[in-house]
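**Q** Read off the chains here:
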Amino acid sequence: MTAVQPQTDLITLTIDGFEVTVPKGTLVIRAAEQLGIQIPRFCDHPLLSPVGACRQCLVDIEINGRAFPKPQASCTIPVENGMVVKTQLTSEVAHKAQEGVMEFLLVNHPLDCPVCDKGGECPLQNQAMTSGRGESRFEGKKRTFEKPINISSQVLLDRERCILCARCTRFSKEIAGDPFIDMGERGALQQVAIYEKDPFDSYFSGNTVQICPVGALTGSAYRFRSRPFDLVSTPSVCEHCASGCSLRTDVRRNKTLRRLAGNDPEVNEEWNCDKGRWAFQYTMVKDRIATPLIRENGVLREASWPEAIAVAANGLQGKKAGVLVGGRATVEDSYAYAKFARATLGTNDIDFRSRPHSDEERDFLAAHVVGSKVRYSDIDTADHVVLVGFEPEEESPIVFLRIRKQVRKRALSVTAISPWQTRGFKKLQAKYIGVAPGAEGNALAQLSLTNQSVIVVGERLCESAGGLSAVAELARKSGAKIAWVPRRAGERGALEAGAIGNLLPGGRPISDAAARVDVAAAWSIESDSIPTSAGSDSKAIFAAAARGEIKALVIGGVDPFDMHAPDFAGLESAFVLSLELRPSAITERADVVLPVAAVTEKSGSFMSWEGRTRSFEQAVPETPHQSDLYILSLIAEALGKPLGFSTVRGAAKEFGTLANWDGARASFTSHPVANAAQGVTLASWRQLLDNGSLQVNEPNLAGTARKAVARINAQLAAKLGVANGDLVTISTDHGALSLNVELSDLVDDVVWLPRNAVASQSLRMLGVLNGAQVNIRKGL
Amino acid sequence: MSELEPKRAIDGAAEESIHIPIAGPASLFTQLKGFWVTFAAQFKKVTTVQYPEVKEPTAPRFHGRHQLNRHPDGLEKCIGCELCAWACPADAIYVEGADNSDEQRYSPGERYGKVYQINYLRCIFCGLCIEACPTRALTMTNEYELADDSRKKLIFEKEDLLAPLRSGMLQPPHPYYPGTDDQDYYHGRVTEAHPSQEQK
Amino acid sequence: MASAPKTFDENFLSRLDAIIARYPRSRSAIMPMLHLVQAREGYVTAEGIEVIAQKLDLTTAEVNAVASFYTQYRRTPAGEYHVGVCTNTLCAIMGGDAIFSGLKDHLGIENNERTADGKVSLEHIECNAACDYAPVVMVNWEFFDNQTVESAKTLVDDLRAGKKPAPTRGPNSVPTFKEASEVLAGFNDGRANEGIQAGDPTLLGLKIAKGERK
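Residue numbers (our numbering), protein chains in the order written: chain E, 1 to 780; chain X, 1 to 200; chain R, 1 to 214.
One or more hints might be untrue.
What the hints assert, rightly or not - Derived, one-sided and incomplete: chain E residues facing chain R with beta-carbon distance under 8 Å:
| no. | residue |
| --- | --- |
| 1 | Pro179 |
| 2 | Asp182 |
| 3 | Glu185 |
| 4 | Ala193 |
| 5 | Asp559 |
| 6 | Phe561 |
Everything labelled a hint here was simulated from the structure, so no lab data went into it. Every residue gets a Cβ at the ideal spot worked out from N, C-alpha and C, and that includes glycine.
Extracted from the complex, chain E is given alone in its bound form (with noise of 0.2 Å):
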């Protein structure tokens, strides 16, 4: 516990007659807050750069006796010593002024209330009647616009509505750094305004329709379907990347209609990525599987729960069994499939990495990541944030908001190890070190850091053999933090839930005799009837039921296509019992289907990639669903092994009493940087909109997603002969795929595509990582 730092810049001064001490450079709004007097304003924000358009907070001030002569605008206004304030309930002056702002915003706003998507929860309303007249003496025509026009597919703009607060013009350019939107024309015809051929497609775009304090703003995807009154809102968490966003969920009749960012200052303040606000439909799609499924003569066939838990017992009983969890399993699910694989069914063989895994991996998140502590406030102290592997926009854009915050505050200074100098990392003035996929770890060799920076490692670095291993080495040497950051929301749960081959929960090692006799006694399980040597991964586990030593997999939410080249012949073989949501490449496969709850329909937990647990409730009150943890337990029961739990509250409690591990992590073995290889190599990796199963029936999102192109740098151009725009094949001896080429600031001979964009899903249509050599040309 750190002690609170005794604050030395305090300044006092009265505000309504009361006084009150507040910290240097305070606004007098902030203040007045304090002292729970609600000044109205429209364009101030806590977050934002304050900017005084709107005049609103107008209050009568004075300092050492000389009143300002006009009143001012407490938002802009510094707190000085000696200032004597008074707001609209003790002047009549700052009343007066309130109100003639309030009539003039009023005087060209048009009567859409009815109609418009803000009304009952609208600041405009709500402030007309606190400290508007009832009357307005305005007798002109109101000034019109054509309305509503898209500014992007997901975001539509009403500029009769506007009041020209910029509170959406300052935060997509200080907060996201994406001034797509600007203030254009002047007086009256004064208009928030893209240019046309460039949408308002930045991945922060929804937060102004949330911060907008009119209907001017509104989200195309709940445009008229309901009204505040009728939605029951649940505070949840993102379910998509480990940002760990806090959201708020809003249900009309068991559907979910919205969902908001919430508040939290020490994780995502009050923002969140368009993915995190719009991607919920599909919890909602048609195809849903409603009744598990049995597969008869080949066909999947709808079955009764106690039929369906009996066959996949019976499925399980006594074969070599294999665990994928997949990566956006709740803590508690996680937890539960964790105990399954050993309690139930006797081996270490699961894993939670659905996608390109390593055993350097592996070994890196037992020795550095589970149990570590590494946080947000650690980037706002840091002196030094590397990214190595890592788009922090596109991998999770809540880190990305938290870097340029503190770049922007005060210079902290960013470098950024990559093959494409992208955007994002100009966003952040990165010092950029380019460099071919698989050499990652020779830049960070060359890196000089201390103990408060902070090496921000993604996930995708595994596909660089060594790159872990480097940055391992760099932590060591200068003890500067690691912060490992995966893509989605349940791997770090998962980890130390302890779903992965090489550990039990709360980040025992396997190969710690007593820390298997700590979990079989805390399971009431015979200790040795947990396996003394580390389980396989997920490549090793399709690979040998594809061999036929496995005879039986469980799989959660798993697509195969996520992985490097998927082998599908041991989900042929073997007995395949799945819990998904929807069809997907694994119930084609599979003998037993269940159904399981989406995030919405249970209650639960997620990490962050800090580690953070953070919990919700469940959001729709009426489902059928039930959680991955209850299915399990009922086949657990089943198979004579029960699970000691059946509900998400049973099993947080008990994994809470193994969370704390005190003894020896894992030790990390070095594993050296691979020589590059020749020729042209690729780089690919996922962008935060793209062809993903959690992004599916929701148009308006995809719209905005960046547009799928192959990226060369000008000399793999010239040496190929192709110009911006001209089509290019890339090809493997796995297959090919056709782009059109634009040129972008990437190391040379190296080519990058987006991982999982419909008309590019590299990995699955060429069937290589990043790091590998590919053939490039002209044309088809």
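Got chain E sorted already, so can you dock chains X and R onto it with the hints?
**A** Same frame as chain E, but now just chains X and R:
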């Protein structure tokens, strides 16, 4: 003490009983007086209304079944704003709004009521919804014969509540009257349908 | 962001760079660069906005915001001679309103439109601080003082006929719209000292004060 003994109402009260006058049989005249009232009533005018053979007209502003009104050319007045649902103290109204487009237009303006239901088992006929409606789409008719025998039948849908098409009105969806916009409708300047509005 | 469109040649691009080089903060160059685009295209084109955005490392929305703020940045082509009639208070009552409506009728165009032959465009403009010469007409921002409805009609006829009348105070002949825009972009055409600088009505007060006039 034995239970047969009378209990004292007040401890220590006087032994003698308190005399409580009980009305005995009334005089003959008083009894006959009552019968006269009944007899005379046979010859007085009866206020019973012989419903359903006779149906007294209701007052002009009677709170009866709701109606969703139309503009003179047939477009619905309801804009799906949900203010009536908000005002309803009995939570009897369910509304879902939806977008109008130029090709599929149900009401003037951007929004119309796609789903509109009133549950007459919840409705208390208070009329707060009518007061809330900003476009005068929702009014109450004088119809009160709503009794039915199942819950389902007493949830009236939009088609049950929409005012019937009068002559000169066209069934939506159809475009605006040529050369007009929503403001013209709200100001009452559109008084009839134009043949070009008919959507095939 | 798109790369520099092919419509601009190296010479033009290097002139844009020359403008940027004048300023310590590159963003300050937006306005003269927009004038240079107008000098070349006759109005601010989409390619112009895009090349400026690319050169200044701004988004097209930001450049567009500046371009849309000022009426001097046109979004439709100006005529070779852009005729501005001042209709602010003094000029208006001194005849400016009449001149403007007279020219609209005479040319058959509305405010901010261009004649079919592309020679003349018309706009009502704001005060140019020549109130002592009211009513003021400007052609490509050069002064044509003390106009009447008839003289204004003659003026535009002359312009359409290809004559190059001299401004009352300014260079010896009126420049074209593109030439004037280039000056506004900061490229000196060397004509700043041609013609009279201050006319009699402006100097009247000074002369009276000096005793040279009563």
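**Q** Now look at each hint and say whether the structure bears it out.
**A** Outcome of the hint check:
Checking proline 179 (chain E) against chain R by beta carbon gives a least distance of about 5 Å; that is within 8 Å, so the hint holds. Interface restraint check: aspartate 182 (chain E) against chain R, minimum CB-CB distance 4 Å, threshold 8 Å, status holds. Interface restraint check: glutamate 185 (chain E) against chain R, minimum CB-CB distance 5 Å, threshold 8 Å, status holds. Among the interface hints, the one on alanine 193 (chain E) holds; its C-beta lies about 6 Å from the nearest C-beta in chain R, closer than the 8 Å criterion.
Nearest Cβ of chain R to the Cβ of aspartate 559 (chain E): about 33 Å, over the 8 Å cut. The hint is violated. At its closest, the beta carbon of phenylalanine 561 (chain E) sits 32 Å from a beta carbon of chain R; the interface hint therefore is violated under the 8 Å criterion.
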